[in-house]
Amino acid sequence: MTNLKTTTTLFFFLFLIVMTSLPSITLCDEKLIESTCRQTPNFNLCVQSLKSFPGSATADVRGLGLIMVKVMQSKANDAINKIRELQRSAPSPALTSCASKYNAIVVGDIPEANEAFSKGMPKFAENGANDAANEATFCENGFNGRSPLTQQNNAMRDVAAITAAIARQLL
Amino acid sequence: MHYNGYYHLFYQYNPKGSVWGNIVWAHSVSKDLINWKALEPAIYPSKPFDKFGCWSGSATIIPGKGPVILYTGIVDANKTQVQCYAVPEDLSDPFLTKWIKPDEYNPIVVAGPGVNRTDFRDPTTAWFEDGHWKILVGSRRKHRGIAYLYRSRDFKKWIRAKHPIHTAAGTGMWECPDFYPVSMKGTMGLDTSVVGNHVKHVLKNSLDETRFEYYTLGTYFTNIDRYIPDNTSVDGWGGLRYDYGNFYASKSFFDPTMNRRILWGWANESDTKEDDIHKGWAGIQAIPRTLWLDPGGRQLIQWPIEELNSLRDKEVEMSNLKLVKGDYVEVKGITAAQADVEVTFSFSSLNEAEAFDLSWVNAEDLCGKKGSNIQGGVGPFGILTLASKNLEEFTPVFFRIFKASNKHVVLLCSDARSSSLKSELYKPSFAGFVDVDLSTTKKLSLRSLIDHSVVESFGAGGKTNILSRVYPELAVADQAHLFVFNNGTVPIVVENLRSWSMKSAVIN
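Chains as they are written, first to last, in our numbering: chain A, 1 to 171; chain B, 1 to 508.
The hints are simulated quantities; they were obtained by calculation from the structure and are not laboratory data. Don't take each hint at face value.
What the hints assert, rightly or not - The list that follows gives simulated cross-link-like pairs (lysine-lysine, DSBU-like), each with its CA atoms no further than 30 Å apart: (1) B:16 to B:156; (2) B:51 to B:156; (3) B:79 to B:157; (4) A:51 to B:79; (5) A:123 to B:79; (6) A:70 to B:16; (7) A:70 to B:156.
Hey, can you work out the whole structure from these sequences and the hints?
Encoded structure:
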């Protein structure tokens with residue numbers, strides 16, 4: 001009896017040790033996130049962005065694209081908030097121009113990418129995401145090297161580029 | 001389509017914004033293909049079979065019955081695509097304003113087993129052959145582009161043919177397939193149902209992966225319902241294109257009033273979405289082009305419909321103008337931002353043409369390497385459109401001739417890189433090779449239609465055509481200029497140039 005109990009306990013502990021040192025059990029879905037992200041310009045950012053959203057573990061490639069559009073929305077909001085803050089303290093034509101560009105991202109590119117992924121027309125998701133990356137780049141360029149929005153513009157541009165790359169995989 | 005005295009144009013349209021989305025079938029009518037009246041949308045989501053979207057398709061005129069539109073409906077949130085039909089609510093309305101989608105037999109075609117139901121769209125105009133109506137639907141399996149064939153005796157019940165009419169490996173999804181006959185002789189168009197020894201067939205596909213289209217010429221074997229391209233016709237990205245610039249989702253139709261086949265094409269914007277939101281519109285249709293088979297039989301020819309000439313206003317003509325290297329001469333007296341220009345250039349000798357490197361297979365790359373400012377032997381010569389006075393901005397459309405071992409190679413280039421001082425634009429160096437035999441002629445012709453943010457060019461009488469979208473900052477309205485130029489060592493003669501200010505059409 002004692003031997004059986006010990007064996008069982010040992011076995012149980014062994015099991016625990018093995019299981020906690022193995023990677024997560026959802027191998028299939030994580031492989032999809034990784035293989036999808038490998039085909040984007042920024043693997044680490046892609047994986048990190050996707051994994052931060054619930055549902056990414058069970059999403060297909062189109063679903064991953066839709067999640068990235070949400071990430072784009074979040075980065076756009078960050079930029080818009082920062083722009084508003086700066087417009088109060090240090091308004092400038094470059095800042096106004098950036099406001100207009102981020103408006104285009106929020107009103108044009110993101111809805112386009114969303115609908116395109118949802119409905120199954122990935123080339124328009126690529127189109128919208130590429131434009132968003134461009135708008136962020138042009139906003140940054142407008143400051144001629146002394147931009148107060150570099151962090152936000154880079155973040156926007158990087159997630160948009162990942163989104164475009166995911167759309168390309170669906171073509 | 002043309003019906004009961006009117007031309008009808010239907011186009012994918014977003015009523016809520018300047019990007020793709022909320023797509024409906026917008027509808028405009030015209031008596032002359034030039035001036036248009038916009039009507040209410042003809043088709044928009046209203047039924048279970050198109051609740052999630054009304055995507056593209058085609059019209060067919062059924063003799064004795066009238067027009068039927070076949071289109072792709074998105075039927076669920078899982079992107080399932082089905083083919084549906086709509087008919088005019090009231091045939092006595094000359095505008096055919098309202099369309100209905102009967103529940104009976106709708107959707108007419110769904111993807112069956114083995115067919116990719118999320119990449120299954122764009123039904124073609126039907127043709128009638130051997131007692132059946134037949135249509136194609138574009139699709140793909142992995143990387144193989146496919147055109148499935150469906151047959152029907154009554155235009156209601158459709159059955160998939162055992163084999164697709166044609167497929168091609170490695171091309172990706174085939175969007176907007178177009179399949180039609182062309183006469184082997186002459187410029188007349190043919191009704192889509194014509195078959196026989198005196199015709200060849202054309203199959204055009206729009207390729208999702210690269211956003212451009214290509215076509216092949218070949219034979220439609222009616223007994224087995226298969227299409228086989230000629231061995232001189234390349235299937236895929238190395239193939240012939242209607243247009244080597246911004247031109248996609250095109251569709252042709254047969255105009256029975258003048259027995260011609262007319263081609264429509266869509267050109268999107270090359271500026272930013274921010275620009276589009278500000279200006280309040282995005283996307284244009286190219287000027288309709290008549291289509292016919294080149295006498296050599298290896299390609300199609302396109303030419304702007306003749307009705308466009310009705311917009312020609314003040315004319316300025318030049319002839320026998322010699323241009324040596326570095327010359328650029330202004331064509332004065334026309335509204336250069338809204339103009340039509342036809343010019344024939346000649347050259348006395350090809351001996352000094354620069355050598356052609358056989359690795360130069362990509363025309364756009366070659367134009368990028370050898371722009372209008374790079375001097376050459378025979379060429380570059382052509383026109384500078386939408387040019388600012390001091391050439392800070394210009395969109396050159398030009399030829400450059402090369403010498404290969406046993407022939408000459410002609411490149412037509414429409415280069416947007418210098419089109420605008422604005423940096424936030426897509427400015428490609430579009431180009432295509434021109435199949436002309438320079439051993440028999442030492443002339444090249446060019447026609448360009450210039451309209452503020454579009455330059456639509458036709459090389460060698462419509463053999464190689466390029467549409468480009470450009471957005472100059474200086475060369476705008478009456479500050480835009482037009483020049484002819486030569487930047488090659490061999491003198492070029494402008495044999496004849498005719499240019500016109502163009503009146504404005506009534507458009508949407």
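Hint-by-hint comparison with the structure:
1. B:16 to B:156: 34 Å, violated
2. B:51 to B:156: Distance ~21 Å between residue 51 of chain B and residue 156 of chain B Cα, so the pair holds.
3. B:79 to B:157: 24 Å, holds
4. A:51 to B:79: Holds, at about 25 Å.
5. A:123 to B:79: Holds: residue 123 of chain A and residue 79 of chain B sit about 14 Å apart, inside 30 Å.
6. A:70 to B:16: Given that 30 Å is the threshold and the Cα spacing comes to 21 Å, the pair holds.
7. A:70 to B:156: 43 Å, violated
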